[in-house]
Structure formats: structure tokens, C-alpha cells
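Engineer: Protein chains in written order, with full-length UniProt numbering: chain A, 1 to 503; chain B, 1 to 674.
Hints are computed from structural coordinates only; laboratory data are not their basis.
Don't be surprised by glycine CBs; every beta carbon is placed ideally from N, CA and C.
Just to be clear, a hint being listed does not mean it is correct.
To be verified - Chain B stretches covered by chain A per the calculated footprint, using a threshold of three residues with CB under 8 angstroms from any CB of chain A:
(1) 292 to 299
(2) 393 to 406
(3) 518 to 525
(4) 588 to 598
As the list claims (entries may be wrong) - Listing some non-contacts, in silico: residues in chain A with all C-beta distances to chain B over 10 angstroms:
(5) G82
(6) G96
(7) A167
(8) Y172
(9) I191
(10) S276
(11) P300
(12) G372
(13) I374
(14) P422
(15) S488
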Amino acid sequence: MNMTCLWNTDVLTLGWTLVRIRRSSRVLSVTRGLILSLVLQNSPFSELQIVFTVHSFTTDDLTVATEYPGDSVVTGRGRINGRLAYVFSQDFTVFGGSLSGAHAQKICKIMDQAAMVGAPVIGLNDSGGARIQEGVESLAGYADIFLRNVLCSGVIPQISLIMGPCAGGAVYSPALTDFTFMVKDTSYLFITGPDVVKSVTNEDVTQEQLGGAKTHTAVSGVAHRAFENDIDALLNLREFFNYLPLSNRDPAPVCECHDPSDRLVPELDTIVPSESTKAYDMLDIIHSIVDEREFFEIMPTYARNIVVGFARMNGRTVGIVGNQPKVASGCLDINSSVKGARFVRFCDAFNIPLITFVDVPGFLPGTAQEYGGIIRHGAKLLFAFAEATVPKITVITRKAYGGAYDVMSSKHLRGDVNYAWPTAEVAVMGAKGAVQIIFRGKEANAEEEYVDKFANPFPAAMRGFVDDIIQPSTTRTRICHDLDVLASKSQSSPWKKHANIPL
Amino acid sequence: MVYCNRFNFLFLLQWETLCSRWCLITSHKLYSSVYDPNEKTFEKLLIANRGEIACRVIKTCKKMGIKTVAIHSDVDANAVHVKMADEAVCVGPAPTSKSYLNMDAIMEVIRKTRAQAVHPGYGFLSENKEFARRLASEGVTFIGPDTHAIQAMGDKIESKLLAKNAKVNTIPGFDGVVKDADEAVRIAREIGYPVMIKASAGGGGKGMRIAWDDEETREGFRFSSQEAASSFGDDRLLIEKFIDNPRHIEIQVLADKHGNALWLNERECSIQRRNQKVVEEAPSTFLDPETRRAMGEQAVALARAVKYSSAGTVEFLVDSSKNFYFLEMNTRLQVEHPVTECITGLDLVQEMIRVAKGYPLRHKQADIPINGWAVECRVYAEDPYKSFGLPSIGKLSQYQEPLHVPSVRVDSGIQQGSDISIYYDPMISKLITYGSNRAEALKRMEEALDNYVIRGVAHNISLLREVIIHPRFVRGDISTKFLPEVYPDGFKGHKLTDLERRQLLATAASLYVAEQLRSQRFLGTPRIPIAVSKRRSWDLSVHLGDGIYPVAVSKDGSSFSRISRNASGETSIQFLGTVYKLQILTKVAAELSKYMPEKAAEDTSSILRSPMPGTVVAVSVKPGDMVSEGQEICVIEAMKMQNSMIAAKTGKVKAVHCKAGDTVGEEDLLVELE
């Protein structure tokens, strides 16, 4: 039977799907084929290796009577909004989506081709883990996939969408990819399930608590975002895909833009409160500057003191990093440094310009942070910004204190254009602390004097560490023009096998 | 099935930002009175107010060549009135008692800036006799009546006596101080129910309660005296006959210091919620020339009786047989003064300044025309779906006034980026339209409301638009009960007709498809060519309200404004004033949605959330207490209105998340029950 043709029409796709849903014991979750039709929407899907069925079971006892053509994974290529993507989708209805040798080989084949062609790989994960009946064959399969994940890293974007319970070896492939998205309430990621946890550490924990979407997006930081249900996740994946270049050989995509690049944003002139201790929402600034207020935030519920995500400026994809004064005053701590660093490195690897909004009072002090290795983890963000050679534009909205000033894409770390708003305070530290150290409380008007001298953008501007002090309402226009110029930027670092980021 | 002809959308100038200063100046065109540049006037004038009224006064000052001084609180440092004025001085922190009501600071500013006169606007110190007295003692002109008139009219009991003496019709009632609840009940019985209990020193609907029986009288006495004490520092009350189904019609008067007084026709202000005006118009559809003259003459008689000078307003209640009763006299410029300016051509602020300088009026009663019709809508930052408007706060992320519609005047004191804070009145602007007749003015109002862009805060445009197109309003069949009578279950937004629903679905679907097609258009020449499959038709499924509608869009168009969209297909569209939430999916996605697990809804009966931003005045429970359904749990005060929060079910208090004095935001968790 030529099933390829089945994929070419929506109606038949749906039919095929329903057959699979009926076969499934879990009617709630949408299964594979149809999912592909959702992601690709009306663009033909070319399924590969449909009849590949080598079940290499070790003993007869464990053999399952039926043979499934194509095993427990669907692989192929298609187009999302006209752009090429390779997709694999594990099928929980066949052997619980478990990974067999054949399953692994199918995935490896599309990954190899994707790397060769230079197009992203999207994995829709729903796998119970290794197929125990196949023994080491299945473990070898995992390793084959891991190797390709690593080799493709930084070459083509790799996205994992977790659509069901994924346990054991199945969790490491998503962890190696660039982005891991989850579905709320129905998807899980854990090394071992609650039963094993109970027997080993005697902890009583539910699947949801152990590895649900909430845990991974808010506590562990394993997943980058969670969506309401399968359909919502797939629709968001389509949206997300449009921000990404196809490979490291391609520039960041430029979309048709209906938002004028010279639009003034008057609300920015009043957005930073007059008292420097008062918080405001960095997302308000980001939304009002980017095209059409559309911002695809990455890890919105984890380490909320830093905001990262994708947006467009005059149609061109940009990566945005911003301190969030609303949460923990926007300070840098272990989690926010790691979150920021990984995002910056992704953008650098895939030619996505970086725009950084700075309002940072410094690194978070305390034993918890020091024992946790804030020095080592904070260094990651510093490393990532310093190493990045994509266009880097920085806007200091308010505080840029101490080492954190250096870290946040400063001029010194090869920043291309660094702006300060009139509200900026670029200094070693805040007035109160500084005066205590310098005068030990002896000088009465010292604090005011310090504010006059240091808590403003002028010292930095006079030394050329800030290119210009700009009217906040003109920020969008400025950035759009800068990006046009910087589009042809070329910068290189000394030859090396690879850098040694402090992991 | 709905088919759309073209992909033609009017994205309501969404990205255009007009210089708001320019808007404010050009919007100010609907009065024609000419200023004589040779007439000597003040050199410098201070405006002891904020927001739209401060801007309004500054505009006239600029026209007359008077330098202006604005005062402002900390949070208003970047406000529009501050930018418009020639000088601006900060008078204190955000709370009004420490800034706009801070007489010491304001007097200091007057001395420092050498302002010769003060315009108080409305509210704040506009009817404060102490302020007028202090100004007089320093030789600064107060733009308004003299202290005597403010005092006489500011006290409800005294004003009523004066009105009686001037042969003005008054409402039967008890004129005096009510000592306790029992006395209140006795008096109420004498007058006969229903009765209205209100603060003697009050105004603007605060400290006012209506009672239909003894029980309500006692409760009303308690609430009104509390609110009177907290808002005005004066707990005297009066009780009077409550006139059922009345209209609120007021007469604008203008008097000078030489004994001349004019009446500038009436304003109909019957559309109110919680005794605060929402829609006003001039003239009234209800008055005939005889009644108008009788009311005008009584108003002028009262003004003369108190030796009134400046602009003032005499408020009347008018019953269905055109009997009118004196309500109160406001000794200041009213919020709704623009409608009078539109039909008479006078600039009231300019006349006030002239009168204060001592000039006689330039007009005779016979010169006062009624030219055409004017309607004013008060655009508030509030959610009209909650008791016709609970305040909403936030930043105006987008703001654009409909000044391209002809004969529209917008009086506002905010601009894109302004904050609507809990400290001040949540009014965004006054939208005034003018026409040669009422129908024309209303048609323009409809168009103006449809073209008003406000994002970032909830606003009452949907309610305003529904009111002005309602058949009863259009007929002129209105009373102060209009809103509760027309919307007994609360305002629910516009009810779509079949045709309108089809228009909305068609537009929403077209927007969705346009967005999908746009996301396939990439600029530049990519390494791997983009291959888009040609699709000429789309089968969609649109979720609107409780219904799911199939929509087919084919490649082979109305004015809408898209509010937001996301990747999940959720879209909000403002259509006929009301914002509709829709979810648009492809048919395949909609079919598959059936298989998605249902999300359990949060049980809201056991948690109490704040319905609006405000301050917690009192918390009557503590953790562990048993409460019964309907019992008061805490009291929230916002914009000086006290709201009693009650338990939705019987149970034990699990946790209390607020304490008296806390500032809470909308939807903040207050109390949890077990």
C-alpha cells in the first residue's frame, strides 16, 4: 500500500488518524499522523521508510504477534509556512512508543539528511523509553540519536515537543536539543517514574510533581515552555518555527512587517518610575518596542528575574534579553545566568541579533548563591555575551551596577551599539552602599553628591562606554536602523577547537 | 457559510502615534466666542487641578495670552497638564490630601510664582470656602464665586432654605441635622417612603443612600454618616422625599459682579450610574420653552439671591409631569460644561476669568441661542461589565482620540503612555460631538466611539455606545434609572444580530487567514527556496461565545479593530463597541480539540478576590472564624466609594491575605474559605 499518498489530503489524514486513535487505549491524546497535518497544515508530508519493520527481539517469548510497518515512529519531511523541516513523531499506540533499533534508525536517517540539507529537526516525543525486549539494540539506538543531537547542535535548530510521558533514555534526546516544549497535564519527563522513586528514596510523588510541565518549566528549568494541550502546543510550534533560521548557514529570517520601523513609542518616556527603587515590568518595554507587540518568550516561568525570547524588529528575528525589575529587582542569580547564557548562545549560533535591555542592580549575594556556585554560573552569561559575534545592541534603561554591568552585553564585550536612557545609572554600586564604604557614614551630603556624580549615564557616555543617551521613545527607530546596518556584520574569534565555557 | 470578497482590512491606524499636544489643541474648536485682545486681564494664572480640566483651563489661558502655572503631585510629573503649562511646580506626593488638596503647599507656589489668580477647576478645592478665603487674604483672585456663595450653596440645608426664600421649587423633606438612626426612621416615616439620605456637605453621589423602609433607613444612616465623615469631615445628614423615576436636568448660570445674571439653557444628565453622570446632552429632549424659561428664571433668581458671580450650575430633578425641584447648586465649572459651550458658542472658562477680573457680562439673555445639539460621553477607565463600571488601573499602551470624525471635541488630560492610577478619578476623557440636530450628534458619537483607540486599561466605550443607540435613549425616554431598568442583570455588552454575527465571523476569519498567509511571506532569497502550496479556500471553525460556527474563506470585506491574537487562534476583535473573544482554528484542529482533556474550573466560591483596585478599610474576619453566606468579610474603598465584600458560601475562614490599610489590585486574593 502506498501510504505516502494518504498524507496528501487532509480528509484522508484525518481518517488515518481516527483509525489510530481507535487503536489507541488513550483516546485523549491526539496521535501522530494528524499531528503532522496540524504542524505542516496543508503542505504535503513525505513520509519516509514507512514499511521499515525489523523487530530484532532476543527471545521468542517476548515477541509480539503483530508486526507494525514503520515501527513506533513516523518520520519524514514537510514544510511549515513554506519552509523545509524534518519531523519525527513517536507513536505511543505502538509498543508504547518505545524505542527499538528500527525506531532509532528511522530518526537517525532524517537527522543525517537534515544536517546535510541544513533544515531544522522537530521531534514530537511520546515514548515510554527503551524497548526492553530488544535489549542492547535499543540502547545503541539511543546513543546513535544522542550522537546526532550533539553533532547537529549549533548546525541546525532542534526542537523537542513532549506530548506524553517520556521516561528513561527518552529524556536525554530532548535535553540535548535547543528547545524543549511540553504539554500541560499530559506530558512528563523523568529519569525514573514515581514507583522507582518510591522504592529507592522512599519519596511519595506523583507523575505531575516529579516531571510534569509545571515542574520542568518553573522549578527545574528543563523545559522552555508549556502549552495548554496538544493542539495548542502544535499551533505555537508553527508560530515559533517562523522565528528560526533553517541552519547556521542561513541568516535570521525576515518577515513582511506591518509595523513601521520609525514608529515612536511615547509611553517609554514615562515607563521608568522616578524613584529608582520602584519596580516596573520589562515586558511592557519589550512589547512596545518589538513588531506588533509579538514576543515569543522562552522560559517565562523559570528564573523570572531575566526575560529572554524571540521577537521581530522591522520583520527580522531578534533575540531579546532583559533584566526584569519586577522580580527580585532584576538581579542576576544562578538560574537567571544559566537561562540567559543558553539563550544567548543559541542566538549566536544561529545568526540571530541580540538586543539586551539592562536594569540590573548586580549579582544576588548570600550563602545560598555562593555555595551554589554563582561565580561559575554567572561566568556562563559573561562568557556567552563575550563570545557572541552576532549584532549586539544594548539599551540601559536604569541600573547597570558593578560586575553585572559588564556582563549584560556591555561595550567592553564587543557590544556594537550601546544606548542609555536618561534614567540610566551606570556605576560600581548604588549610592547608599557606596557612600557607606567611602565615608563610613561621616559625610552628610555624600549620598546626594554621589548620585550627582555617578548615578547617571554621563560618566559612561564621556568615556565612550555608551554610544549615545537617547530619548526612550526613539528606541525602536534606533534599533531598527542599527540592525539594518549591522546585518552585514562579520567578526571572528581566534581559531580554536572549541571554547571551554565554565559548565 | 460566510464568504469574504477581499482581504481588505482597516487596521485602525493601530501603529500611528499622533503628537498628543497637537490633538489637544486642535480638538478645542467647538466654541466661537472671540476674545478682545485689548481687554486687560491677569498676567499669570495658577490652575489648582490636574487632568483634563487643568488642560481645558490652560487652553483658554493660552488663547487669552495669560501665562499658566500648573501644580502636580509626584506621580503626575510627566502629566499632560504639566507639559502644557508655562510653569509647573510639584506640591507633594500622590495622595490628593497631600498634593492637590494641600493648601499650604499651593499657597506657597502661588507666592513663589506670583500668580495673580487661581482657577480651581472642579472637585479638589473648587468649592472650598477656606481656600477661597485664604486666597482673598493674600490678594489673589479666586476664579469663582465669593466665599459667601460657596458657603451658602455648599451646605445642603442652608442652600435649600435660601432656595425656598428665593421662591425656587424645593423637594419636601427634613432640613436639619439628624442625630441618630431612630430619629432618621421617624423623619423618614413623616415624609413618607421612599426617602433619600445624604451628607449635608456632600456632592457627586458620595455619602448618598436611598431607603424604602425602616431597615434600609437605619443602614443608610450608618453608611452615609461614615462616608460623609471620611470624604468631607462632616457627618451631618439630611433626609428628603425621594423622587421616583426623575430626570436630572441642570441649568447653567453665569453672573458677574455687577448684578447681571444669565441662564445658558439646560443640560440633561439623566444617564447615571451610582449617582454619577455618564452621558450628558444639551438641550434636553424633555423641556418645552415654557418649562425651560421657568427653570432658567428660578436659577437666575437663586444666583441673584446669593449675589453669585462666575459660572455656576443649578441642578433640578424633573418628574414625568414636568414638575421640577431644586436639588443643589454647584458653585464651580461642571464636568459637562462643554455641551453648553457647543450650543451657545460661549467659552465658559473665558467668561469666568473675565467676571473674576471684574468685567460685566457681554451678553443679554436674548443673545443666548440654542444652536444645534451636543452630546457628551464620559470615557472612563473602568470595566462596564461589573456594576456598570468598576475602576481599572494601568498604563495606556495605545491611545488615539477620534479627532478625524467631524464635529468632535475631546477634552482629555492624558496621552499614550499615561498611567491611570488608584489615586485619582479614572476618567480618560470627555468625548463631545455636535450636530445640527440630535440625530446627527448621536450618529457622530457612534462613529467617534467606534474610532476611539484605548488599550492597556479596561474602558466603558461598549456601555456608552449601547446607551446612545438604545431605542429608549434615542426616543428621549430616559430617567436616572435608565441603566438599571434597561440592564436589570447588569451590562453584558452588545447583543449581536444574525447579520452582525455573520459580519464579525467573516472579518475574524479573514483576519486569521490574512495572518496565516502573511506568515508564509519571507523577504530575501533563502538558501532553500520557500515552497508554499497554493491554497484557494480555507475551512475554519470559529468559537464565539457559546457557539462554534463553520466559516469558509475563499480567495475571491467592514471597519474593525483587532485587539490581540495569539498562536492558539484566540483573537479579540472590537466590533460595534464591544470586544468579542473568539477562537479560530482550522477545521481539522477543531475536530481534534474534542479529544483534548477538559480542564477543571477553579472553585471560586471559597476564595474572595478584590473586584477592583482600592484600599482595604476593614477586615471583619480572622482565620478560623465561621462565616455564613452573605456575611460581610471586608470593606474595600476605591475612589472614595466603600464596597462591602460578602462571603459567597458558608464556611470556615482558612486564610486572610489582607489587612486594613492595605492597597490591593484587581483580582488580588483577599480571603480564602475552607
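Engineer: Can you give the numbers of the hints that this structure goes against, from lowest to highest?
Structural biologist: 1 and 5
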